[in-house]
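In this text, residue positions in the sequence shown follow our numbering: the first is 1, and each later residue adds one.
Simulated from the structure, these hints should not be mistaken for lab results. Honestly, I wouldn't trust all of these hints.
Between beta-carbon pairs, the in silico distance windows are [claimed, not checked]:
id, residue 1, residue 2, range
1, K36, G69, 27 to 33 Å
2, G239, G143, 47 to 53 Å
3, V157, A46, 33 to 39 Å
4, R30, L279, 42 to 48 Å
5, L122, V157, 21 to 27 Å
6, K36, L122, 34 to 40 Å
7, A84, T130, 33 to 39 Å
8, L298, E188, 34 to 40 Å
9, A80, T303, 17 to 23 Å
10, G69, E155, 57 to 63 Å
11, G62, F91, 17 to 23 Å
12, V163, G316, 19 to 25 Å
13, D64, L164, 42 to 48 Å
Glycine residues also receive a C-beta, built at the ideal position from the N, C-alpha and C atoms.
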Amino acid sequence: MAEPFDFTPVPPEGRGAAQTLRTAPDGPWRRLRRDKSARLALGLLAALFLFAFLGPLVVPYGYDAFLRGAENLPPLGFGAEEEALRAAGEFVFPHLLGTDRFGRDALARLMAGTRVSLCVALAAGALVLTVGTTYGAVSGWRGGKTDLVLQRVAEVVASVPEVLVILLASTALGDLFQSFAQAHPESELARALLRVGPNLCAMLLTFAGLYWVSLSRVVRGEVLRLKETEYVTAARALGASGRRIVLRHLLPNCAGQIAVTVCLQIPTAIFLESFLSFLGVGVTAPMTSLGALIQEALGALYTYPYRLIFPTAVLGLLILSFQVLGDRLRDALDPRTAI
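From just these sequences and the hints, can you work out the full model?
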């Protein structure tokens, strides 16, 4: 026989305490904000974006400006003309990272190189996300012969060497840009294309044409798995169209896999651009990138070793931040990790 106190009602304060223990599961963004490594990666990326895009508003030197008499200055150095201005009592902004052999400010060029790498990262991520998600969702949802044909096409695309495609496309685009500039000498578009250069445009076209394969396979696999679940069957029974099911039910459940794949493709794009610029087939002078800065620094490694440290550190931080962010996004957006 049960004791009388076993059936004693819970007091109001106890009921409130019990209710506070049954908290709702955290959302994905709250879990992401709680993750220290994710906050660190986001902080580094935010700092690099500010450095690349807002830094030129502070530093008065252009990345392509030649300063006569200020060649090969050490960090915090001043040229001969700048020393004369300082002696006259005028304020002269120091060359915080020194200058190169042509007298160009190293900090301004580092900002420009970081800006190019970040633009490549954003463009590559957007292209891979758009093409890969669409291709994989169509292949997985349609299935059958459509899936078979699309996967064979993806295998052919994956076997194409991207470096060869970039070199061929840059050659073709170079002639095209020159012809367009000669036909429209006053056009702002022609000047912008020549400033960007055919190599960088060829890289972006290659990312759109080749780098989506891995993401499409991930999305296809997830769609094939999820389209047999109960809630998809219920949506079909209620008359939902295939497009609505894919956009409202399947792709949101693939968000974790899509995020991590895109964030891992971005460092690959940054590294490829830096590698090609290091070889001299990347961005066109006077534009620079992190790979071009590293290549220039290697020529004076024994005389000015500090020139290699800064672009290498920025490149490493960029790649590491995107990789850590992709891994943390996968954990935060995966519903199975919710408590």
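Between V163 and G316, is the Cβ distance one that fits in 19 to 25 Å?
-> holds, 22 Å
Cβ-Cβ distance between K36 and L122: within 34 to 40 Å?
-> violated, 25 Å
CB of A80 to CB of T303, is that within 17 to 23 Å?
-> Roughly 20 Å apart at Cβ, these two residues keep to the hinted range, so it holds.
Starting from the range 47 to 53 Å, see whether the pair G239 and G143 falls in it by beta-carbon distance.
-> Hint violated: Cβ distance 20 Å, outside 47 to 53 Å.
Assessment of proposed distance window 21 to 27 Å (beta carbons of L122, V157) = holds, 23 Å
Using the beta carbons of A84 and T130, state whether their distance is inside 33 to 39 Å or not.
-> violated, 55 Å
Satisfaction of the hinted span 42 to 48 Å by the C-beta atoms belonging to R30 and L279 | For L279 against R30, whose Cβ atoms are near 44 Å apart, the range 42 to 48 Å holds.
Consistency of beta-carbon spacing, A46 to V157, with hint 33 to 39 Å | Holds: the Cβ-Cβ distance is about 34 Å, inside 33 to 39 Å.
Is 27 to 33 Å right for how far apart the beta carbons of K36 and G69 are?
-> violated, 48 Å
Measuring from beta carbon to beta carbon, are G62 and F91 in 17 to 23 Å?
-> Holds - the Cβ-Cβ distance for G62 and F91, about 19 Å, lies within 17 to 23 Å.
For the pair G69 and E155, does the Cβ-Cβ distance stay inside 57 to 63 Å?
-> Holds: the Cβ-Cβ distance is about 59 Å, inside 57 to 63 Å.
Does the Cβ pair L298, E188 satisfy 34 to 40 Å?
-> With a Cβ separation near 36 Å, L298 and E188 satisfy 34 to 40 Å, so the hint holds.
The structure fails hints 1, 2, 6, 7, 13 (numbered hints given earlier, in ascending order).
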